[in-house]
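Residue numbers (numbering that gives the first Met the number 0), protein chains in the order written: chain A, 0 to 311; chain B, 0 to 399; chain C, 0 to 280.
Treat the hints as calculated values from the structure; they're not laboratory data. One or more hints might be untrue.
Label pairs and their in silico Cβ distance ranges [claimed, not checked]: (1) A/D161 - C/I29: 15 to 25 Å; (2) A/K208 - B/R115: 47 to 57 Å; (3) A/I41 - B/R115: 48 to 58 Å; (4) B/R129 - A/H113: 32 to 42 Å; (5) A/H113 - C/L47: 31 to 41 Å; (6) C/R186 - A/H113: 36 to 46 Å.
Derived pair list, reagent style PhoX-like, types lysine-lysine, alpha-carbon separation capped at 25 Å [unchecked claim]: (7) C/K187 - A/K30; (8) B/K112 - C/K187; (9) A/K30 - C/K106; (10) B/K104 - C/K187; (11) C/K187 - B/K130; (12) B/K252 - B/K302.
Far from chain C by the CB rule (all over 10 Å, computed), these chain A residues [as the list claims (entries may be wrong)]: (13) L102; (14) T170; (15) Q216.
Each residue gets a CB set at the ideal place from its N, CA and C atoms; glycine is no exception.
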Amino acid sequence: MSTVTAPAPGKRKEKAVASDRARAETRLGQKLVAPAIVLMLIVTAFPMLRAIYLSTFDYALTAPDDREFIGVGNYLTALTDPLFWKTTGITVLYMVVTVAIELVIGFIFAMVMHRVIFARGVIRTSILIPYGIITVVSGFAWQFAFSFQNGFVNSWLPFIGDDFNWFGEQTPAVIAIMVSEIWKTTPFMSLLLLAGLAQVSEDMIEAAKVDGATWMQRLTRVILPNMRAAIMVAVLFRALDAYRIFDNIFVMTAGAVNTESISFLTYRQTIEQFQLGMGSALSVLLFLSVLLVAWLIVKIFRVDLAQARQEA
Amino acid sequence: MSAITMKNIVKQYGDGFPAVNDVSIDVADGEFMILVGPSGCGKSTLLRMIVGLEDITSGDMVIGERRVNDLAPRERNLAMVFQNYALYPHLTVYENIAFPLRLAKMPDGEVDKLVRDASSTLELDEHLERKPGNLSGGQRQRVAMGRAIVRQADAFLFDEPLSNLDAKLRGQMRTEIARLQKRLGITTVYVTHDQTEAMTLGDRVAVLKRGVLQQLATPRELYENPGNLFVAGFIGSPPMNFLPATVEGTSVKLPFGSVEIPADRAERAAGRGLLIAGIRPEHFEDASLAAEEERSGSTFSAKVETVEWLGNETYAYIPFEAPDEVREQLQQLEKDLDGDSLRTQLVVSLDGSSRIAEGEDAEIWVDGGRIHLFDPASGENLTVDRERAGRIPGAEVGAG
Amino acid sequence: MNNRTLNRVGMVVGCLLIMVWCLLPVAWIISLSFKSEASITNGNPGFLPSEGTSAGWANYQAVWDNEQFRRAIFNSIGISLIATLLSIVVATLAAYAIARLEFRGKKLVLSLSLAIAMFPVVSLVGPLFDMWRAIGLYDTWPGLIIPYMSFTLPLAIWTLSAFFREIPWEMEQAAQVDGATSWQAFRKVIVPLAAPGVFTAAILTFFFAWNDFVFGISLTSTENARPIPASLSFFVGADPFNRPASLLAAGAVIATIPIIVIVLIFQRKIVAGLTSGAVKG
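Excised from the complex, chain A in its bound form (with noise of 0.2 Å):
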């Protein structure tokens, strides 16, 4: 009796039944997410359609009725243009400079809050104030500082002079840029760090310290590899934000000086210069590059992305 039996008669019947469950299930499943999905779609999927239908037009709001089919043309004029690259390189070192700080910054600020033992609500609380204060409010504050009639940094670093201008040239407004990009998410970096190292089991440290890890060891053998996933996470949210950096670029600079990012070439042309076949066309490029970066990301880390989705 341990074989399988021949199927009972009202075997078949039952089956049926069962599966009906699980469509309703599924019918429940499809129906609680369905408001979801379609909200996602109307915002990303279809415009981004209308975006590679636009691209293939050289059509400006201007302009309304000059519009003219011109097929890969705004691509090609957009490739060939070395303003492109220049902003792409640009915003490619926003990424890495940036990415790179913050994680060392947020590393140690981990550190120190998975640490202290006093004072924790506080810590806390101001970390979260960067985390939450709006972008354009972080540019101003920066720029107000960095400013030489108005703020206080030339004032309080050595080697500069009282009336050095920030603003007036590429490399320290890039910098400008850059100190209030990291300041405004190294907390985000942080918290994400904070939780990895809360995984890292204590007992692990403890038997590496036993088996006579100097701190140096401890860190780089034990608590690193283990907190992979979550620097590795870390990492990929952050550099996808930091590569669609834009708000910090217009508030400070207005693209000015070479601060231009992609992002920000691709606003300037589709919604101040209403250049929308251009502007699309870039929109595109501007989608599929955050695409090969992401990819490369995963890539080169290996990112578990389940872990990210949190389908562990």
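Fit chains B and C to the known structure of chain A by using the hints.
Okay, now just chains B and C, sitting in the frame of chain A:
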């Protein structure tokens, strides 16, 4: 209150794996039924099918007079105690117990009366206003039981309710559950992997292995007349010893010597070649002590490797070599029982007053009348007393 | 012993560093907001207002009296609250389904929301600008509420499904055995248990909406719907070549007050929500 009848219940998952395969169990009205087996044997799945949390692939589930296969859990009127208790953390103990009554829209006065009845039965009176988060493990367990007994359910279902408690509390709660069930006289199905719970609580015990029912019998029947190797090895602690054996006339040849067994048993096992003999540790004794009591049986001599003296009794360990055929079967059995197959060794339980020492060649007495003989290929117990073995599904075909 | 003191000192220094990092720019913008407008035009460097240039509450008064600014604050509060509320309702349904049910299309929702979390917002404003003008949503509240909802959904869905997953399955099953319908089990057991999670998701969503800038400047043109970040960035004083820094600072401080209040009250919840949504073993 009702009887629960399971007829040819099958649970097949999407990948075609049968978690429960053609199980038929009848639980009489007011009976305490235990489902027991190692992890993955399908006991919890079966319980969840009774309560309606799991779909039944085929077969009939009848509670009272109703076939409940297609009814939602709330239409089955059963009460269940979950392994982790599943207390609602946002409700007080009072409201946790009252929850099923509130759902049934019972008037407040009646709810209060029933909740207070249940809480005094379970000695929860002083905790009624607390939240489950502030209770100890034993108290949580009692709240979970309170939620079950407060309503007039047709049956109680328990899913390993004591596995999260420490050993002492487990013992207390075990007797508590037994007392409560006797008092309320309600049909109960109780899932456990702990054989002490199975033996002490159950009116009858259903032993399952990999989704298949092995034997359905009273605890005593299971212990004295296990239907096959698996049941024999699963019930009893320390477990039954399995030794290679051959039968010649009325004597069984074991690695340590020959033992006389009753003629009717020998007859049933005759002419089968190599067999597996099953002897419980307590059916051995220090030969010198057995002689004083003039008990009948055989004696043999063996070198004792390790001795564990526990005061009231002594365990002696005697290693032996088993032929490959038997060893393979025993290794498979260990795997089925969730154990690690170590060396083959005999465990004998001696009286605490025994003076047998480690490394000594000891004279051991064995009660030949209690030896079971198993077919090494099928695992079937050849010497089972069918009148006193409850129901052994695999053997029914041959017997009937 | 020596090592331990060193450790302690390190901790204290670390804490001070974090506090300075977080609060210095905030202190700076507050200090700036008290510099008088006249002194800004002439140049008034330094962290604190120099001798005799403190404006008292004059800048705040001036900003508050500005009709456009008041409208912008009103727009921001209204739009952010509505977007948060709607987004949370939609996300709660989706997150519940994702955490609890097996259905085809689950992968799609997860992938889609991951994709949207990474989406370059700027690449959408062009087509959206065009579409919204065509259907009359340009420069209206719904014109901002809809994109805010879509872009906060991924974060809300992640955070919420993490919270839902933490509620033991058995809780719901026990309710069903106790005689609850699926809806009763959801309403009486799941919702109260998930409430803290829903609240956290709401705060994070609100932050996103309050912080948004790209949609704010692209999809509005007047004080009809222009939210506070966009309004601040377009705030030009009498002299277009020299921004009214202290007035802007006062406006920025006002725009930051709601954030600080929320952070002060709900610090613990926000930390839990941020970390549970992103990293979990």
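Results for each hint:
no.	hint	verdict
1	A/D161 - C/I29: 15 to 25 Å	holds, 23 Å
2	A/K208 - B/R115: 47 to 57 Å	holds, 55 Å
3	A/I41 - B/R115: 48 to 58 Å	holds, 56 Å
4	B/R129 - A/H113: 32 to 42 Å	holds, 33 Å
5	A/H113 - C/L47: 31 to 41 Å	holds, 35 Å
6	C/R186 - A/H113: 36 to 46 Å	holds, 39 Å
7	C/K187 - A/K30	holds, 21 Å
8	B/K112 - C/K187	holds, 23 Å
9	A/K30 - C/K106	holds, 15 Å
10	B/K104 - C/K187	holds, 14 Å
11	C/K187 - B/K130	holds, 16 Å
12	B/K252 - B/K302	holds, 18 Å
13	L102	holds, 14 Å
14	T170	holds, 22 Å
15	Q216	holds, 16 Å
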